[in-house]
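Number of protein chains: 2
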Amino acid sequence: MAQQERAIRTRQVLLLAAASVFDEVGYDAASISEILSRSKMTKGALYFHFASKEALALGVIDAQTADLELPETGSKLQDLVCLTQSIARRLQTDVLLRAGVRLTVEERTLNLLGASQASPYAKWIEICGGLLTESKANGELLGHVQPAAVAELVVASFTGIQLVSQVYSRREDLAERLSAFWRYLLPGIAVPGVLPHLTTDPPAAG
Amino acid sequence: MAQQERAIRTRQVLLLAAASVFDEVGYDAASISEILSRSKMTKGALYFHFASKEALALGVIDAQTADLELPETGSKLQDLVCLTQSIARRLQTDVLLRAGVRLTVEERTLNLLGASQASPYAKWIEICGGLLTESKANGELLGHVQPAAVAELVVASFTGIQLVSQVYSRREDLAERLSAFWRYLLPGIAVPGVLPHLTTDPPAAG
Numbered sequence: 001m002a003q004q005e006r007a008i009r010t011r012q013v014l015l016l017a018a019a020s021v022f023d024e025v026g027y028d029a030a031s032i033s034e035i036l037s038r039s040k041m042t043k044g045a046l047y048f049h050f051a052s053k054e055a056l057a058l059g060v061i062d063a064q065t066a067d068l069e070l071p072e073t074g075s076k077l078q079d080l081v082c083l084t085q086s087i088a089r090r091l092q093t094d095v096l097l098r099a100g101v102r103l104t105v106e107e108r109t110l111n112l113l114g115a116s117q118a119s120p121y122a123k124w125i126e127i128c129g130g131l132l133t134e135s136k137a138n139g140e141l142l143g144h145v146q147p148a149a150v151a152e153l154v155v156a157s158f159t160g161i162q163l164v165s166q167v168y169s170r171r172e173d174l175a176e177r178l179s180a181f182w183r184y185l186l187p188g189i190a191v192p193g194v195l196p197h198l199t200t201d202p203p204a205a206g
Numbered sequence: 001m002a003q004q005e006r007a008i009r010t011r012q013v014l015l016l017a018a019a020s021v022f023d024e025v026g027y028d029a030a031s032i033s034e035i036l037s038r039s040k041m042t043k044g045a046l047y048f049h050f051a052s053k054e055a056l057a058l059g060v061i062d063a064q065t066a067d068l069e070l071p072e073t074g075s076k077l078q079d080l081v082c083l084t085q086s087i088a089r090r091l092q093t094d095v096l097l098r099a100g101v102r103l104t105v106e107e108r109t110l111n112l113l114g115a116s117q118a119s120p121y122a123k124w125i126e127i128c129g130g131l132l133t134e135s136k137a138n139g140e141l142l143g144h145v146q147p148a149a150v151a152e153l154v155v156a157s158f159t160g161i162q163l164v165s166q167v168y169s170r171r172e173d174l175a176e177r178l179s180a181f182w183r184y185l186l187p188g189i190a191v192p193g194v195l196p197h198l199t200t201d202p203p204a205a206g
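In the order they appear, the protein sequences are chains A and B. Using full-length UniProt numbering, you'd call the opening residue of the first sequence number 1 and step up by one each time. Using full-length UniProt numbering, you'd call the opening residue of the second sequence number 1 and step up by one each time.
Here chain A stands alone, though its shape is the one from the complex (with noise of 0.2 Å):
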């Protein structure tokens, strides 16, 4: 293996502990200590790739949006709502995505990433605007849709109806609350003829 190969799974090795750590315990009760006993890595090799604590958390919440991969259905808005349930599906299974919005809803983190703090929303703002954007200028959306607050609206909302999820079910129900947020949103932004061809349900298991 390449010494940069290695150098990118050990930092990914490191991000993953990390992540298992903030996902069960949150920012302030996750140790370095215990972070580097599941990580099997040496002191050394976290504190080359990772200076401090916050940037653990800086690399979780960053990896949330790294190499995903958008649907491509034929219809840009049937696309972003098979994104977000299928990144609904991932937070059940994937703990680095799922460690990172945990970081994201908590005060605690927000206010020591300082600057950096809007970046998480921002980045899932930008993704969810651009497929709104594609999908205007495609002629799905009604006129007076206006693509950027529609993406702010459904990454705000994502969000909080992912937490009550968590609270109700352990986000066993968020594939169907998902569903129930796209059937009555739909009608105020797509046209009347696209919206027949749309399905807000979770896509098959694979």
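Incorrect hints may have been included.
[Said to hold, decoys possible] Some, not all, of what chain B presents toward chain A, calculated at C-beta under 7 Å:
#1 Glu-106
#2 Leu-153
#3 Val-164
#4 Gly-188
[Unchecked claim] To be clear about the criterion: a stretch of chain A counts as covered by chain B if any three or more of its residues have a C-beta under 8 Å from a C-beta of chain B, and this derived list gives those stretches:
#5 93 to 107
#6 146 to 160
#7 169 to 182
#8 187 to 197
Since the hints were made in silico from the structure, they are not lab data. Note that beta-carbon positions come from the ideal geometry of N, C-alpha and C, so glycine has one too.
Fit chain B to the supplied structure of chain A, relying on the hints for placement.
Quick look at chain B alone, frame taken from chain A:
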């Protein structure tokens, strides 16, 4: 002042002191001694009313929906929109409400609260669901709309919207974000004839 009245006042002073500390530093970092010092009450008084920090947090969470006055505009759907806007405004000034929402959002606290963890959301969902059920009975909602599902959606979305607004503007843009949420959602739930009569703007400052 009668003894019972004094006890109620003491309890309220303690709740407010606890709320101001939870609001600033969150549950974990809040100390009983700091709460005591802000309340200017004795340790005996505090432990008479609240057996533990957990009991204080529960008291703050429960206080969110206490003494809630519902708007009466003549339209139950308009009442619901106004309720969310009035809560948005109170989040700027009412430390008890703000601390309750912070505690409700943070996983650490929700885990601590154990069996009662779902209750803060449940109470809000019940209030919104009641308004929507009446709204439907009054013919304001589309036939397929399920008041309970919309109530869950509104509470969850509100939770996320206030969170994102807090990150971006310390909640200064919350009224505008809520207004956008309702503008895009209402066409999916209200009958067309009702829409022109609804306003999504925050009530004028009073």
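Residues of the segment 187 to 197 of chain A with Cβ under 8 Å from chain B, three needed, outcome: holds (count 3)
For the hint on Glu-106 (chain B), just tell me whether its beta-carbon gets within less than 7 Å of chain A. It holds, given that the least Cβ distance between Glu-106 (chain B) and chain A is near 6 Å, below 7 Å.
The segment 93 to 107 of chain A covered by chain B? Criterion: 3 or more residues, Cβ-Cβ distance below 8 Å. holds (count 4)
The segment 146 to 160 of chain A covered by chain B? Criterion: 3 or more residues, Cβ-Cβ distance below 8 Å. holds (count 10)
Would the hint on Val-164 (chain B) stand, with a C-beta cut-off of 7 Å toward chain A? Holds - the Cβ of Val-164 (chain B) comes within 7 Å of chain A, reaching about 4 Å at its closest.
Per the CB criterion, is Leu-153 (chain B) less than 7 Å away from chain A? holds, 6 Å
For the restraint on Gly-188 (chain B), tell me whether the closest CB of chain A is nearer than 7 Å. holds, 4 Å
Can the segment 169 to 182 of chain A be counted as covered by chain B under the rule of three residues or more with Cβ-Cβ separation shorter than 8 Å? holds (count 3)
Against the hints set out earlier in the document, no violation occurs for any number.
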